[in-house]
Amino acid sequence: MRSRQRNIFEKYGSLFFITSTVVGFIDLFNNRHLCEIFMENLKYYQTRGDYKIMAYVLMPNHFHLILKILPEFNISQCIGNLKRITSRKITEYLNNTGNIETLRRLWIAAQKESAIDTRIWKNRFDCFVINNEETLRQKIEYIHDNPVRQCLVENPNNWSFSSAKNYKKTNTGNIYIETDWNNLVD
Numbered sequence: 094m095r096s097r098q099r100n101i102f103e104k105y106g107s108l109f110f111i112t113s114t115v116v117g118f119i120d121l122f123n124n125r126h127l128c129e130i131f132m133e134n135l136k137y138y139q140t141r142g143d144y145k146i147m148a149y150v151l152m153p154n155h156f157h158l159i160l161k162i163l164p165e166f167n168i169s170q171c172i173g174n175l176k177r178i179t180s181r182k183i184t185e186y187l188n189n190t191g192n193i194e195t196l197r198r199l200w201i202a203a204q205k206e207s208a209i210d211t212r213i214w215k216n217r218f219d220c221f222v223i224n225n226e227e228t229l230r231q232k233i234e235y236i237h238d239n240p241v242r243q244c245l246v247e248n249p250n251n252w253s254f255s256s257a258k259n260y261k262k263t264n265t266g267n268i269y270i271e272t273d274w275n276n277l278v279d
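When the sequence shown is numbered by the numbering used here, its final residue is 279 and no position is left out of the sequence of numbers.
Among the clues, some could well be false.
Subject to a maximum C-alpha distance of 20 Å in a straight line, what follows is the list of computed PhoX-like cross-link-like pairs (lysine-lysine) [what the hints assert, rightly or not]:
no.: 1; residue 1: K182; residue 2: K215
no.: 2; residue 1: K145; residue 2: K232
no.: 3; residue 1: K136; residue 2: K182
no.: 4; residue 1: K145; residue 2: K258
no.: 5; residue 1: K261; residue 2: K145
no.: 6; residue 1: K232; residue 2: K258
no.: 7; residue 1: K136; residue 2: K258
no.: 8; residue 1: K145; residue 2: K161
no.: 9; residue 1: K232; residue 2: K261
no.: 10; residue 1: K161; residue 2: K205
no.: 11; residue 1: K182; residue 2: K161
Hints were generated in silico from the structure; no laboratory data involved.
Model the full structure from these sequences, guided by the hints.
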């Protein structure tokens, strides 16, 4: 069994810890509907087959993901697609609901960034390659404890937009999570 788990990292690789932030660190995702837009699109690309999700958390002004990128894709494509579509749909929603103040704040923050075609996300994202099981476990714990460290909840399982619940053997979170790492080996 140990060697099968090692294959995740050695033979198939492509496990990434991703962080991306809203321009100006604006707490955009205090709005539940905007969270749902993000989650819907994260799930869309998962269902389409771009990646497998091992862990995630959506915080008020950023997100963390652990993704297994499938061979025909690369990490820049996957995150670029996710950020582009969520930016467009969130902007549409804010326009349609007349939330001019939030749009103004995003526009001002985007002018200070190199975010020309996206008003929601900082242009760059942080990407760390995970190459062993210990690092994978540490990053999953970091992701799940993020809402607790920010004093948003007392228990990681209480944060609605996180995969913490999925690791409690119920897989009842918003999105299916690959909690059995052996499933990642073809």
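How the hints compare with the structure:
no., hint, verdict
1, K182 <-> K215, "16 Å, holds"
2, K145 <-> K232, "16 Å, holds"
3, K136 <-> K182, "15 Å, holds"
4, K145 <-> K258, "17 Å, holds"
5, K261 <-> K145, "18 Å, holds"
6, K232 <-> K258, "16 Å, holds"
7, K136 <-> K258, "16 Å, holds"
8, K145 <-> K161, "5 Å, holds"
9, K232 <-> K261, "17 Å, holds"
10, K161 <-> K205, "32 Å, violated"
11, K182 <-> K161, "25 Å, violated"
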